[in-house]
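Undergrad: Spelled out, the chains give:
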Amino acid sequence: MTLFSDTRYLFVRALKKLVRNPILIFFSLFQPIIFLVLFTQLFRRFNELPGFPPGISYLQYAAAGILLQNAFSSALQAGTSIVDDINYGFLQKMLVTQVARPAILLGRLSSDAFRVTVQSVIILVLAYLLGFRVNTGLPGILLMLFIIAFFGLAWSGISLALGMRTRSAETVFGIGGFLTFPLLFMSTALVPVSFMPSWMQDVSKFNPISYAVNAVRDLSLAGFYSTNAVLESIGVIALIAVITMSATLYMFRKVVS
Amino acid sequence: MTEVINVKDLTLTYADGTKAVQGISFSVNEGEFFGFLGPNGAGKSTTIKILTTLLHKTSGTASVVGLDIERQAPLIRKLIGVQSQDTSVDPELTGRENMLLEGHLQQMHGKELEERVDSLLNVVGLKEAADKRAGRYSGGMKKRLDLASVLVHKPKIMFLDEPTTGLDPQTRATVWDYLEQLNKSEGITIFLTTQYLEEADRLCQRLCIVDQGKIVAQGTPAELKSEIGADAITITMKDGQGKSDDSLKAKGRQLLQSLPNIMNVVDSGNGLTIYAKDGGYFVPDLVRAFDKSDIKLVSINLSTPSLDDVFLKHTGKRIRVEELQKQTSSMFSRGRGSR
Ligand SMILES: Nc1ncnc2c1ncn2[C@@H]1O[C@H](COP(=O)(O)OP(=O)(O)OP(=O)(O)O)[C@@H](O)[C@H]1O
Ligand SMILES: [Mg+2]
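Listed in order, the protein sequences are those of chains D and X.
Residue 257 is where the first sequence ends in my numbering, and the numbering goes up by one at each step.
Residue 1339 is where the second sequence ends in my numbering, and the numbering goes up by one at each step.
None of these hints come from the bench; they were simulated from the model.
Any given hint could be a false lead.
Stated by the list, open to error - Mimicking DSBU-like on lysine-lysine, the simulated pairs with C-alpha atoms at most 30 angstroms apart in a straight line are:
id	chain 1	residue 1	chain 2	residue 2
1	X	Lys1214	D	Lys17
2	X	Lys1214	D	Lys16
3	X	Lys1111	D	Lys16
4	D	Lys205	X	Lys1078
5	D	Lys205	X	Lys1214
6	D	Lys16	X	Lys1132
7	D	Lys254	X	Lys1214
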């Protein structure tokens, strides 16, 4: 079976490309870092408002949201690299080799998940320096990273499918940028649900970002078992993943056939 | 001789209804240097994509090394090397990394692969630039890297879609020499499309000429040229005011009608090409006829038929240098056609 080794080669290729284009990582990290450093300072007295969880700083609250914002916006860019491969003929070049077809997709997805994880670690370290703490320690952090990466993976499916459908990096970038902020603001990423007008509370209830954020936040503020947030989020993300990966597989089959 | 490519009544219609290939049949023998020539849009690249398992045929049959292109595609991929018309290298990987990746995906590993890569980089003259990112290569260097990477796994058959377009004359000559050597000494079958008809004439043992998705002629270069059965006399003209345009060409054609032995007259861009038996005897008649008219002859060029003339005869077109330049400046691929 060459699937595993082929995936590994393509994973390494993707990472090399990323490392040699540090500007891409910089762009994705820029926003979360601004949020972490400026936004949480600007709104630092949020925690004085009634309805805010007592006894914690705004940074401690918002870090989970910032982590998932980063995962979300990075994931929505995932499709641009496959667009490049299609448009520069590199995909075609791979397809005339014996490469195991699924490896092309798996190499892509695994490198995207890896990228989100690395970016999350950078944000976590920076947040730690600013005073953010995780109650559940290292196991909690690992579980957080898993949820974040899984979340990113689930959404990168949308981007990949879109990239293969439109073959336009601009479209992928555009739709990514278009979705990020509305979904972020209409979730519990940055404020407690009770702060929102009631219609937004309804939206937030159906917003997958809220579920992932709640799980990550619970891991940092409370403990593993304090709520069902962790299991709930994994369920919701799995559901999204099934949908987006089906779309991706469908498009990939069409492109590769 | 064993047939390594066999194509029967092959057709391909793209999703938008373009009938790119309309029922072609031909075969290529083992060890042959085979040319597949035709004007822009004739369906050459499409045919290559079908034979290299990238596109699904609409109808007909085709086999490569005795393997069916639909049912045995994975086995075919092991044995072929494909250089597509649109150069594709990964710009963020170095030349060497590009080749190693290609080798890995072709199931080659370790020392064997490294040595193979080194020697190929040497052959295509990229030894010094091997560890530089391919994105910083010149167009010709990319093309050579692409060619080298296609050779990594020692394919039995190479499909080369315009391998020398965009190269400078010197490099072009080197690449042709190398391909000739591959073919002669290693017995690799080469299926080639090119716009360089002189090279095709020299290297190809057999040729197909395609136009609008159909094969319009096939045979050895000598056979095809002798079919013309006449010499080619290309003239350019001008009138009293020094102008030369289409109406002048029409007048010229009229004038030529009075002359014997002419087999055909075709437009050759900036003049006319006349096919006539015994060209040497024909030229004096031609000059006399024009002397009596108000059209001046600017140049006369007499030649035995070349592949150019064969091409012109069957397709009504000449391959022009402008076309070549246009091609090299648009190296982006259109991507894969959908089914
Ligand atoms: N993906 C596609 N979808 C629709 N039509 C296509 C597609 N690719 C090529 N064609 C059309 O099919 C015809 C044959 O194209 P092809 O690329 O095979 O020509 P070619 O002989 O390689 O030409 P050139 O010398 O310019 O490379 C052209 O009319 C072209 O416009
Ligand atoms: Mg072509």
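Undergrad: All hints, please: hold or fail.
TA: Okay, the hints, checked on the actual structure:
Between X/Lys1214 and D/Lys17, the direct Cα distance comes to roughly 43 angstroms. Violation of the 30 angstroms bound is thereby established for this hinted pair. As the CA atoms of X/Lys1214 and D/Lys16 are separated by approximately 45 angstroms, the hinted pair breaks the 30 angstroms bound. Of the supplied pair hints, the one linking X/Lys1111 and D/Lys16 holds, its CA atoms being roughly 22 angstroms apart against a limit of 30 angstroms. Between D/Lys205 and X/Lys1078, the direct Cα distance comes to roughly 52 angstroms. Violation of the 30 angstroms bound is thereby established for this hinted pair.
Note on D/Lys205 and X/Lys1214: the hinted pairing is violated, with a Cα-Cα distance of about 61 angstroms set against a maximum of 30 angstroms. Among the hinted pairs, D/Lys16 with X/Lys1132 is consistent with the structure: their alpha-carbon atoms are about 14 angstroms apart, no more than 30 angstroms. A hinted pair counts as satisfied when its Cα atoms are at most 30 angstroms apart, and D/Lys254 with X/Lys1214 qualifies at roughly 28 angstroms.
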